[in-house]
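A.B. asks: Okay, here's what each chain looks like letter by letter:
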Amino acid sequence: MRKVMMGNHALSYGAMLSRAQVISAYPITPQTQVVELLSEMCADGTLDAEFIKVESEHSAMASCIGASVAGARAFTATSSQGLALMHEMLHWAAGGRHPIVMGNINRSMAPGWSIWTDQNDSLSQRDTGWMQFYCSSNQEVVDTVIQGFKVAEALMIPAMIILDAFALSHTYEVVDVPDQKLVDLYLPPFKPAIKLTPADPRAFGGLTGSEHYMELRYKLQKDMEKAPALIEETGREYGKLFGRELGLIDPYKCEDAELIFVTSGTAGFTARVAVDELRASGVKAGNLRIKVFRPFPFDRVREILAGAKKAAVVDRNCSYGAGGIFYQEVKSAVYGRPGMPPLFGYIAGLGGRDIMVDSFKEVAADALAKDRAEEEIVWIGVKK
Amino acid sequence: MRPKKAKKIVFKSAEEMPLMICSVGHQTHNLTGAWRNIRPEVDRSKCIKCGICWKFCPEPCIEIVDEWPVVDYDYCKGCGICAEECPQKCIVMVEERK
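Respectively, the protein sequence lines represent chains A and B.
For the first sequence, the working numbering assigns the number 1 to the initial residue and increments by one for each residue that follows.
For the second sequence, the working numbering assigns the number 385 to the initial residue and increments by one for each residue that follows.
There could be a bad hint or two in this list.
[Unchecked claim] Label pairs and their calculated CB-CB ranges:
id : chain 1 : residue 1 : chain 2 : residue 2 : range
1  : A       : Glu88     : B       : Cys431    : 23 to 29 angstroms
2  : A       : Ala229    : B       : Lys439    : 54 to 60 angstroms
3  : B       : Phe440    : A       : Gly209    : 29 to 35 angstroms
No lab work stands behind these hints, which were simulated from the structure alone.
Virtual Cβ for every residue (Gly too), placed ideally from N, Cα, C.
Sequences are here, hints too, so could you generate the full structure?
C.D. replies: The following block contains the structure:
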């Protein structure tokens, strides 16, 4: 069934089709609409789930953890400051191996107070042990929530499904809503090996001495290393059932590209228009959209970049004192590998400033004029 | 009484550890009584067997044996709440000497 829906509601439909059993949330724009629709679904019986109203995002994640420990499939959503307030509980969810799925609408961190998009909120959480999926269409949001639960529950690692504020969150697109029967086939009920029940009382997350802590973290990393192959495998399975394959990356015209724009989120689709226009004017451009940031798809990124002459990483984020965060990750992917192109780092679109086709043309002009990568981070569209 | 024979569990490899961080046995091998500086002693000549010490002990390591309160010194940390709450003031905190 095809429906016209905004990105926020795409998250709601994803959670509904995944048959989330506990939804816990504290309202923050634009996440409010995600749980508003879910609360209506709970009220009218469309979704058989407990809806918990809490007093903060910290409590929202805490109650999702409690629900997950008890064996329930738990979902929540948030944004920017709300995600920051959850920070402690994000470690708790990943470290305790609770496969919660959360939607995060990328919104700039205050101050200055902002409701517009950039990625610093979610990228600030990169080391918490959550998987991170950056979506570029509302269709991908619905599909990735469903896949997110499957991968999260297989690995017992939580997953964050991320979309740009306004560019997706409040933008209406046509979405092919997956058939519930097929979703049930793809995503069976959550049955954890260990859960909290009165019949088998346990304490969870208790004091862990130095003789065991390191092994638990080793297991988290080792299981995270299994995620790339599993995301691709479950993505192919999804493709067979629903006709849309889900992967780690999404390359566009990269095979013969001299210059590849490396992007994430909605900027990826804008880059493609720029790629087509540049190709029409004789520049062989391509676009590599990185969808999964954690685990970082090192192998896939290297495979795509290996054939290019230059790559320009366009970041909608900044690690102050270091530069674009995807730029750093891509640099680490190619480090010490022969035959890799020089990389150029750009920062654009912070605080919801538009990343336009012309922004990519500016990036292309800058990167093509240089022979080697420079340490300087180039800011696109800033009023200097 | 609690099962005191529980042994400390030490896993030899990451493989044999459960994925989730959860209790897998008793912690009773950890004799927290070693932390104690002062110990409660009950004067049975004044005790009226009201059970208030048993009720308030946060550990909880006061058992009622034949109606009398008996302190389990393997786990009593010497917090003194029992002595504070005793209406008869028949529990005295005595300095540990080792």
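A.B. asks: Would you mind marking each hint as holding or not holding in the structure?
C.D. replies: Each hint tested on the structure:
no., hint, verdict
1, A:Glu88 / B:Cys431: 23 to 29 angstroms, "violated (46 angstroms)"
2, A:Ala229 / B:Lys439: 54 to 60 angstroms, "holds (57 angstroms)"
3, B:Phe440 / A:Gly209: 29 to 35 angstroms, "holds (30 angstroms)"
Violated hint for the displayed structure: number 1, the only one.
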